[in-house]
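Counting from 1, one number per residue, gives the positions in the sequence shown under the UniProt record's numbering.
Calculated directly from the structure, the hints in this document are not laboratory data. Among the clues, some could well be false.
[To be verified] Quick list of simulated restraints, FRET-style, between CB atoms:
(1) VAL33 to MET54: 18 to 24 Å
(2) ASN57 to ALA27: 35 to 41 Å
(3) ALA29 to ASN57: 25 to 31 Å
(4) SER26 to PRO48: 18 to 24 Å
(5) MET54 to PRO32: 21 to 27 Å
(6) THR34 to MET54: 36 to 42 Å
(7) ARG59 to THR34: 23 to 29 Å
(8) SER26 to ASP47: 23 to 29 Å
(9) PRO30 to ARG59: 25 to 31 Å
(10) ARG59 to TYR36: 35 to 41 Å
(11) ASP31 to LEU51: 17 to 23 Å
Ideal Cβ placement from N, Cα and C applies to all residues, glycine included.
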Amino acid sequence: MVNRNGMVGKIEDKDVGSKDGSKASSAWAPDPVTGYYRPINHANEIDPVELRNMLLNHRVRSTSSSTSST
Numbered sequence: 001m002v003n004r005n006g007m008v009g010k011i012e013d014k015d016v017g018s019k020d021g022s023k024a025s026s027a028w029a030p031d032p033v034t035g036y037y038r039p040i041n042h043a044n045e046i047d048p049v050e051l052r053n054m055l056l057n058h059r060v061r062s063t064s065s066s067t068s069s070t
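Could you build all of it, start to finish, from the sequences and the hints given here?
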């Protein structure tokens, strides 16, 4: 196979790795929970209910009784 520049060779024969000769690693990896591929640098997902519980202030306010014992 000859391309425009006159170079002969197959595309499969060329190294597509980095300049130091090591192979490039994939930026995608399978998610251990779902099995679907997603970016390696993807942040972990937080359950919306857990996030709500963390962010909301759940103080139990004691109500003072309006009736007094006499």
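List, from low to high, the hint numbers that the structure doesn't satisfy. 3, 4, 6, 7, 9
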